[in-house]
Structures are given as structure tokens and as C-alpha cells.
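Construct the entire structure; sequences and hints are all you get.
Those letters in the sequence shown? Residues 1 to 432, by full-length UniProt numbering.
No lab work stands behind these hints: they were computed from the structure.
As the structure is a prediction and not an experimental result, all values here were calculated from the model.
Accuracy of the hints is not assured; some may be wrong.
[As the list claims (entries may be wrong)] Heads up, simulated SDA-like pairs for lysine to any residue below, C-alpha to C-alpha not over 20 Å straight-line: (1) 213 to 293; (2) 195 to 93; (3) 196 to 126; (4) 196 to 207; (5) 196 to 261; (6) 398 to 362; (7) 310 to 380; (8) 398 to 356; (9) 110 to 185; (10) 140 to 217; (11) 141 to 93; (12) 276 to 368; (13) 81 to 41; (14) 180 to 199; (15) 110 to 81; (16) 368 to 307; (17) 81 to 39; (18) 195 to 214; (19) 119 to 130; (20) 70 to 103; (21) 195 to 103.
[Stated by the list, open to error] Distance ranges between label pairs, derived from CB positions: (22) 134 to 431: 28 to 38 Å; (23) 305 to 390: 44 to 54 Å; (24) 353 to 264: 31 to 41 Å; (25) 229 to 380: 38 to 48 Å; (26) 337 to 379: 52 to 62 Å; (27) 71 to 137: 20 to 30 Å; (28) 351 to 68: 40 to 50 Å; (29) 379 to 118: 47 to 57 Å; (30) 368 to 64: 38 to 48 Å.
For every residue, glycine included, the Cβ atom is placed at its ideal position computed from N, Cα and C.
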Amino acid sequence: MQVGNTDVTMNKPFEISNYDPSYIQFIDNYSLEEVDFNAALKSVLIFGISKIPGVGEGLALLLDIFWPQKKENLWEQIKDKVENLIDQNALQIIELILSGDIKQFEERIKTVNSEILGKKLKDASNHYMNIAEDLVGFEKKFIFADLKRLDKKAINLYVLPLYSTTVLMKVSYYITGIQKAELIGLNESQTTRLKKYLNRLIHDSKGVNYYIKTLNEDRIDATYDDAPPDEIFDAMMYTRSFTAINGLEYIPIWNKMVELHSLDMECYVDVISYSKLFGRQTPDLAKQATAVEMTQPLTPDLLNNGQRNKIKSITGYIRRIGGSPRVGGGKIIFENGTNYQFGTITNELVYKELNGALINNLVVYGNKAIDEATFYFSDGSQLSFGERGYPPTYHEFKLSGHHIVSFYITSDAPSLAGQAANIAVAYQLTNK
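In C-alpha cells:
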């Protein structure tokens with residue numbers, strides 16, 4: 001992969017032997033909304049567990065989160081969504097894990113919970129620690145390294161949501177023991193062991209954080225090498241986003257949980273994910289997806305305060321086509337003063353100061369070009385420019401639990417006479 005603004009995408013050869021048609025079919029058929037399997041759970045965790053109404057005693061919270069009574073458990077819900085993408089040998093292994101280990105852990109945790117509520121603390125503490133020890137290394141069952149297929153790393157991408165859910169369950173289980181040691185009957189030596197399990201799981205040099213980051217880098221490189229040139233933007237951004245929302249977004253959450261030894265904490269998640277494009281791919285847009293380091297304007301900088309640069313104002317430039325107003329380009333000014341113009345710049349424009357508001361969603365109209373765009377903000381206001389054509393084909397950029405932190409427009413399609421050819425956005429978990 002080459003860096004930044006060099007022409008890295010449009011002329012590279014494409015070998016059909018390297019092409020994974022299931023992946024392109026996957027990104028065509030599934031939105032980010034559909035593959036953010038634990039969106040609601042992540043939103044709860046970054047605001048604090050104590051805000052959940054009706055939390056029960058003992059280990060009830062853990063059971064309610066991962067094994068809800070009136071739904072399939074979290075692993076089954078995820079498996080149902082990704083099973084069509086997974087090698088049959090791997091799928092059979094996963095189904096055995098879910099029907100065996102996951103089911104047994106549920107029953108064993110329920111037993112411990114009953115012992116806690118029944119004040120049988122000697123039994124509860126012994127059984128609790130037995131489970132804690134059996135969980136050591138359990139997440140590795142969702143890593144496929146021995147399949148005699150070249151696509152085992154691709155399978156690991158699809159299985160990543162199961163892996164991250166397992167790690168989150170383990171972290172929650174260990175921390176529950178530390179927080180509720182007296183209630184469970186655990187002594188200081190036992191809670192010290194739980195802390196060691198936690199640190200080894202998360203912070204070991206080859207622990208879960210290392211694995212997720214390495215998988216992310218590997219899949220980005222593989223997608224760059226394998227994706228069809230005319231789909232490079234969607235393929236690259238979908239890979240970045242799939243690993244972001246199903247892996248990278250968890251890292252600051254469980255890092256904070258381990259730091260505080262608490263499930264009840266607030267956490268800022270700086271991870272960025274990306275939409276697919278609406279419109280048509282152009283060389284300028286493709287370059288945004290193929291840089292080694294993602295930067296502004298589409299990826300807000302991480303500032304010295306540990307938070308992402310926020311949009312201060314948005315300008316929308318109008319390009320008239322046959323007298324009709326259409327989207328031409330845009331300008332973003334960030335709170336640290338940096339600013340970016342993109343697309344076609346005209347004297348006819350709309351402008352809005354955000355004044356701290358977030359972009360909840362963006363609705364666009366067009367057919368292989370952008371006719372109209374409307375931003376919807378968290379304070380109830382809107383910013384709209386252009387005018388929809390007929391028939392009005394539209395798309396809404398929105399991701400549950402997230403807000404839009406930036407966008408990008410290009411107009412480098414000569415046949416469009418300066419009208420915007422496309423638009424894409426970046427998302428971040430909403431932390432307030």
C-alpha cells in the first residue's frame with residue numbers, strides 16, 4: 001500500500017484469483033447498522049452500567065446482558081448474521097462452541113448466582129473461581145489458525161464480533177468478581193488472581209488488543225490488494241469499519257474497565273468508522289480510502305486532549321446544472337482552526353455554525369451524482385443545499401449509537417460539469 005495522495009488505486013492490476021466474491025457481496029448486502037451487533041451494549045457501557053434500570057442482584061446483570069431471557073444469547077444473534085460468510089468447517093466449530101461451552105458457562109454462572117443469593121458463599125466462591133480459570137484463553141476458540149484454507153484470516157474477520165463479545169464477557173465476569181468479592185465470598189488472594197487474569201488478557205504483548213489491531217492491519221492490506229479497482233472505496237472503508245465497530249471500538253471500553261476495575265465507568269471512544277459512498281466512485285474519493293494513515297478532513301485529528309477534532313462550521317456549495325441547484329462541494333472548519341474545501345467551489349452557498357451540536361444523520365438525493373443534501377443536527381436544526389431531481393433516489397447516512405464527525409465530497413467526474421459525484425461520511429460513538 002502507498003501513502004496518501006499518490007495514485008494508488010485506479011491503475012493497479014486486478015487478479016480474479018485473489019478476489020473474494022463473498023466479501024463484495026457482503027458489503028453490498030449489509031449496512032454498517034446491520035453488522036454493529038452490540039451497538040446498544042457499547043452505548044450503555046460508555047455511559048455507565050449504573051444507568052441501566054432494574055439491575056438485579058448477584059450476577060444477574062452479567063446474565064441479562066449476554067444471555068437475555070427472551071432472546072437468543074449474543075453469540076447466537078451474531079452467528080445468525082454472519083453464518084453465510086463463514087467456511088462450513090469453521091461454522092460447525094462455532095456451532096459446537098455455542099451449543100457446548102457458551103451454554104455451559106451460562107448454566108454454571110446461573111448456578112453461582114443462585115448460590116450467592118442463597119448465601120452459600122463457600123460453594124459460590126469455589127465455583128466462581130473454577131469458571132474464571134476455565135475462561136482463561138477461551139476467546140482463542142474464535143481464532144481460526146489451522147484451517148487448510150487460504151482465507152482463514154478472512155474468516156477471522158467475520159468471526160471478530162464473536163471474539164470481541166467473548167472478551168467483553170470475560171472482562172465483565174472478572175471485574176464483577178473484583179467488585180462483588182464480599183458478596184461472592186472471594187478472598188484477597190482470589191481477587192488478585194482475577195486482576196492477573198484481566199491484565200494478561202488485555203495488556204499482554206500478544207493479548208486481545210494486539211490481536212484485534214493486527215487483524216485490522218492485515219485485513220486492510222488484504223482488501224487493498226484484492227478488491228476490484230472500481231469498488232476500492234467501499235471495500236476499503238467497509239473493512240476499516242467492520243473491524244472498527246466489531247473490534248477497535250471495544251478496546252478503550254475494556255481498557256477503562258480494567259483500569260478502574262469497574263463496570264460502572266464513562267469512556268471516550270476515539271475510533272472512527274466510515275460509510276460506503278453514495279453516488280459514483282472517482283479517483284479523488286478512492287484516494288481517501290487507500291492512505292496508510294487516515295487523516296483530515298474525512299478522519300478528524302486526535303488532539304492533545306485525547307479527543308477528536310470537532311466540526312465548528314459547514315459550508316455547502318451549490319452548482320447549477322441547467323439552472324437547477326445541485327450539490328457542488330463543501331467546506332469544513334474544525335474547532336482547532338483547520339479548514340478544508342472539496343468538490344466544486346462556487347459563490348452560491350449555504351453556511352452553518354454548529355455551536356457544539358452533533359450531526360445525527362445526513363440525507364442525500366441523486367442518481368450517480370448528488371442533487372441535494374440535508375444535515376440533521378442534535379439541536380433540531382438542519383442545513384440543506386441543492387435540489388432533488390426526479391425520480392428522487394435517496395440515501396440516509398446514520399449509524400445507531402454514533403454521530404457523523406466528518407464528510408467528504410468530490411466532483412472530479414468530467415461528465416457531471418462540476419456537480420458532486422459522490423459523498424461519504426465518518427462516524428464516531430456518541431460519548432455524550
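Item to check | Violations among the numbered hints | outcome: 2, 15, 16, 18, 21, 26
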